[in-house]
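Visitor: Residues per chain are reported as follows:
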Amino acid sequence: MAATYEPIATTTLTGTQANIEFTSISGAYTDFILTGTVVRTAGSDIEFVLGNGSYDTGSNYSLTYLYGTGSAAGSGRGINATKGNAGYASSTNPMSLTIQAQNYSNTSTYKTLLVRNSPASGDVSAIVNLWRSTSAINQIKLTPNSGSFGAGTSLTLYGIKAA
Amino acid sequence: MATTYEIINKTTLGSDAAYIEFTSIPDTYKDVILVGSTRTTKTSINDEAELKLNGTAITGIRLFGTGAGVACDTIPIMLPTGANATSNTFDNFTIYIPNYASTTQYKSVSIDQTGENNGTTAYAVFIAGLYSSNTAVSTIRLTSLTGSYVTNSSFYLYGIKNS
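Residue numbers (my numbering), protein chains in the order written: chain V, 4 to 166; chain E, 439 to 601.
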């Protein structure tokens with residue numbers, strides 16, 4: 004039986020690194036999930052850019068988010084952004100992160116990415132990001148907007164086949 | 439190819455139980471995920487349930503909505519469906535622990551739970567948890583804090599490999 008849920012690539016850091024990217028993502032899957040543990044050197048948002056051959060840094064991203072700080076809950080939106088958002092944490096404790104993209108390799112529709120991030124210090128959040136491009140996603144780069152990724156960060160990209 | 443997503447253990451209750459526990463969890467996976475569907479005997483729309491890893495309760499942030507409002511606190515307690523919810527309705531939940539077997543970092547825990555029951559109140563819950571220990575997680579316990587999990591409550595523990 005063909006495997007449904009396959010690991011594509013893993014990045015595990017033993018030191019600090021400014022960004023993490025997965026490139027040459029095969030279009031052979033239906034969906035992908037990028038998931039694992041993130042450690043930061045400073046409290047920050049994690050932002051990401053997507054692309055096909057080159058990263059899109061135009062104002063082609065938007066998002067809606069729901070978050071809780073531990074004392075308050077809120078929701079908000081952002082439009083015409085130059086990056087996607089994978090959540091905020093105020094501490095350097097490990098944080099679980101999942102970014103899910105359905106139908107990421109199609110060339111007909113814009114791409115929606117669902118993000119769940121769970122920092123025990125900082126904003127627990129659920130975020131939906133939209134990349135307004137019909138290009139297939141074959142690369143993704145994540146970058147903290149302050150500090151760097153820290154040692155112990157480990158993210159795996161999985162491909163999910165529908166058949 | 440090796441299987442990526444493997445069942446480690448599972449249980450479907452044939453009688454009420456105050457808690458369920460998975461022990462001797464092997465350290466051979468990258469992440470673990472516990473999914474399930476529950477209802478308890480507490481005479482309320484919802485009960486409360488505590489997650490312990492290796493006998494220690496997680497700390498963290500909880501964000502939840504009831505359909506009438508949203509709130510956030512630092513009480514990382516789940517809200518399983520109780521006995522006063524619409525009959526035959528069970529909640530569903532996902533508890534994701536990336537890098538659970540690490541011996542060099544704390545463990546982030548991400549919990550999603552929903553208890554839709556076609557009533558006037560239901561809970562959607564997001565929890566960002568932290569197990570503040572460098573010990574690999576080998577035991578997971580879920581405890582209903584007031585009632586007991588009822589017959590047909592189910593719990594499935596999966597290990598996820600990244601190679």
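There could be a bad hint or two in this list.
Quick list of in silico lysine-lysine cross-link-like pairs, DSS-like style, CA-CA up to 27 Å [what the hints assert, rightly or not]:
1. 490(E) - 448(E)
2. 480(E) - 164(V)
3. 480(E) - 599(E)
4. 448(E) - 480(E)
5. 490(E) - 480(E)
6. 490(E) - 144(V)
7. 490(E) - 164(V)
8. 144(V) - 164(V)
9. 490(E) - 599(E)
It is worth saying that the hints were derived from the structure and are not from the lab. These numbers come from a predicted model, not from an experiment.
Visitor: Among all the numbered hints in the text so far, which are the ones the structure does not match?
Guide: 2, 3, 6 and 7
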